[in-house]
Amino acid sequence: MKEKKNPEKKSEKKSTSRRDFLKKGLLAGAGTVLAGGVVGSFNAFAQNGEKIKVLGSDGKVMTVDKSHLQEIGLKTEEEMQVAGREGIPGKKWVMVIDLGKCKNARLCMASCQHAHELKPEQHHINVLRMDRGGDTSPFFMPKPCQHCDNPPCTKVCPVDATFKRQDGIVLIDNERCIGCRFCIAACPYSARIFNWSDPKDKEKYEDVEYNIELNVPQKKGTVSKCLFSADRLREGKLPYCVSACPNGVYWFGDANEDAVTNGTTKETVPFKKLLKDNAAYTLLPELGTKPSVYYLPEKDRLFPFEYEGKSDMEDKNHS
Amino acid sequence: MSEVNKEGTKKTIGTIVSDLTRPIKNHKGFTIWILFLLTVMGVGMMAYVDQLANGLGVTAMRDYISWGLYISSFIFFIATALVGMLISAVLGLIGIKWITPIARIAEMIALGFAMWAGLIIIFDMGRPDRALNLFIHGRLQSPILWDVTVVTTYIAISVLLYLLPLIPDMPFLKKAMTDQAKWKQKIYKILSFGFEGRPEQYKSIKKLIRILAILIIPVALAIHTVTSWLFAMTPRIGWDSTIFGPYYVTGAFVAGGAAVMIAMFVLSRNYNLKDYITDFHFDKMGKLLVLLMLVYFYFNINEYIVPGYKMKAGDDHHILGLFTGHYAKMFWTVQLGGMIIPIILLLFRRMRKPLPSLFIGIAVIIGAFFKRYIITIPTLVHPHLPIQNVPEEFHSYWPNAWEWAITMMAIAGAVLIITILAKLFPIMPIWEVAHEEGITNEEMNKYVKES
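Residue numbers (the numbering used here), protein chains in the order written: chain L, 1 to 319; chain G, 1001 to 1451.
The following block holds chain L by itself, in its conformation from the complex:
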């Protein structure tokens, strides 16, 4: 997310008409010639001298100094707020979590905490050790925000700081949240966390523009939670946790398209068929929250249940 900071952007606000033209050209040509070259080079923004070929809106190929390029869709905070509230049109994001595959690698948790600048005890996604009791064996259950279609949290928010977008994602605006924590009380999945004190590396992020689709920088006295990596989805990438998983636990995709992609194998399958064939379920369906996160039962687990060297259940359910 550091490329979002982009200190050059402000100093170059008063751009020449030539650059405006280029920007338009870049927009028009997006997805064709540029895709690989430009998108991959954002990190090297400050360097110059290196030339790069771009396709203009008139169809001509030109070379420009790399440092003169501006990221497509790089928006001001205000524009980000508007776009972040609207969501991505036509999409209905869903996640399928295969409990039979989760070995508690916790790379999802780590990549999530890294992306959202969370402290070690703060989890947007949390891998829980679950036990259904009786003769069944315990299993690992990653638990992100369920992005409910009937979300108890957004209903109770007094200031519309947390809201549901048209693409199904439930987000928080940390610039508006008043810290009443009603949403935390209302969430039956304990998916929400609170910045009880100064966030991690507060100084480092003082001048960083707030990104509503990343919840970075985290703000003291406000609520934070899983965002389905809304910033990555805008770039056409899979969420942080999904891509980080080494065990093929996560499927992510668009229900409208009826397709979900596995974060590890990159295999894409029909969403509804995946649910039907594997007897998928949602968490606490009796509450009527209608989650966008589906679980495939913990079957065929040919690996030991181990946690910090222990194979027993230290923390029982409802502990």
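The set of hints was computed from the structure by calculation and includes no laboratory data.
Among the clues, some could well be false.
Unchecked claim - Quick list of simulated restraints, FRET-style, between CB atoms:
(1) LYS1310(G) x LEU302(L): 38 to 44 angstroms
(2) GLY1095(G) x GLU286(L): 46 to 52 angstroms
(3) ARG1349(G) x GLY133(L): 43 to 49 angstroms
(4) MET1408(G) x THR265(L): 57 to 63 angstroms
Because the structure is a prediction, the values reported are computed rather than measured.
Glycine included, C-beta positions come from ideal geometry on N, C-alpha and C.
Let chain L serve as the given structure and place chain G on it in line with the hints.
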């Protein structure tokens, strides 16, 4: 002391005025008491400044138990404030006479606690600097907006219900308080709003009081129902209840009734007004409190026995946690000491005498305070999904020094408001007490005019 208040020599308007204004003039012990309250508030203020600087992390609240003492105190404050409506509106409207000397006390309690309830909710906010967002971005669908609306309305009506019955007292105060500070006399003059004791003035004041007394009933019911909905509108085990509205309202009357009983004792003793708030009044108040507690007891049975009988998955952990588990000690202490034993005791006439009433009132109000704790915290300790991968302190909750200090500041603040009101104005309406004694408006006007 006698059982009945109507016996003995009839009081003249002169004695009533001097009896009720004497304590306002006399400052014995007042300064020390104010200093004590200000000290408590000062400590709380220091804790709050620290909380503002370092965030809510200075409290014991964490991600799972994210509401704590502040919220449970908030409900307690709203609950206690509700008594103003019960006594001056409900009982007043149906023409119950014995409330005359205690109606203003109830209204003072309502004002003090309702105002601090509004503040305590700000202490709980992570971003109090953004409180204005409630008006800029307010969502009418949120119970918090309903709460903000009805609490401010309730405070406004309560202020009027306190001030209006004060107006006819002002001529007496102007006359009796000539030896007092100028600023006080100015207040009395302003608050008299040109009242001269004319019959039509009495008529319009009585009419206004009546309108407000009717208005405040739905508002008061709304404020505590809405407060209960902060919990009942969530799908959490232990809060997900359809009877939370009436359960809270009836509980509120118990807390407020106990507060009035304590205030009656303290004020009548401290102000030497035993002739006005007599054993008769304590007896009546005790009977009223029994009735209120029995209704509350009924709702408690529904709230705990119904899920306790079925022991549905999820409910079972919650109920067992209260009945026999981690919260059993507090639960049974509160239920027995704050409700069941006081009910039994108050059934006996001897226990409705002033001194026993005081102790029972204290037990009931402490029980009421911790009952709110029992409603708020255990539910959060047992979420639907397990609490894991977080530090040990996230698993349990007990308020720390910061939270106690800030809560004590709120309690001291409410008591301070009551104290100041009781020092500025008579604690019971002179004109209504005089009416009770059979003194006519003409006699009162004559008394005011003669020098």
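Results of checking the hints against the structure:
Taking the beta carbon of each, LYS1310(G) and LEU302(L) are about 40 angstroms apart, inside 38 to 44 angstroms as hinted. The hinted window of 46 to 52 angstroms between GLY1095(G) and GLU286(L) holds, with their beta carbons roughly 50 angstroms apart. The given range of 43 to 49 angstroms is broken by ARG1349(G) and GLY133(L), whose C-beta atoms sit roughly 55 angstroms from each other. MET1408(G) and THR265(L) have their C-beta atoms about 59 angstroms apart, which keeps the hinted 57 to 63 angstroms range intact.
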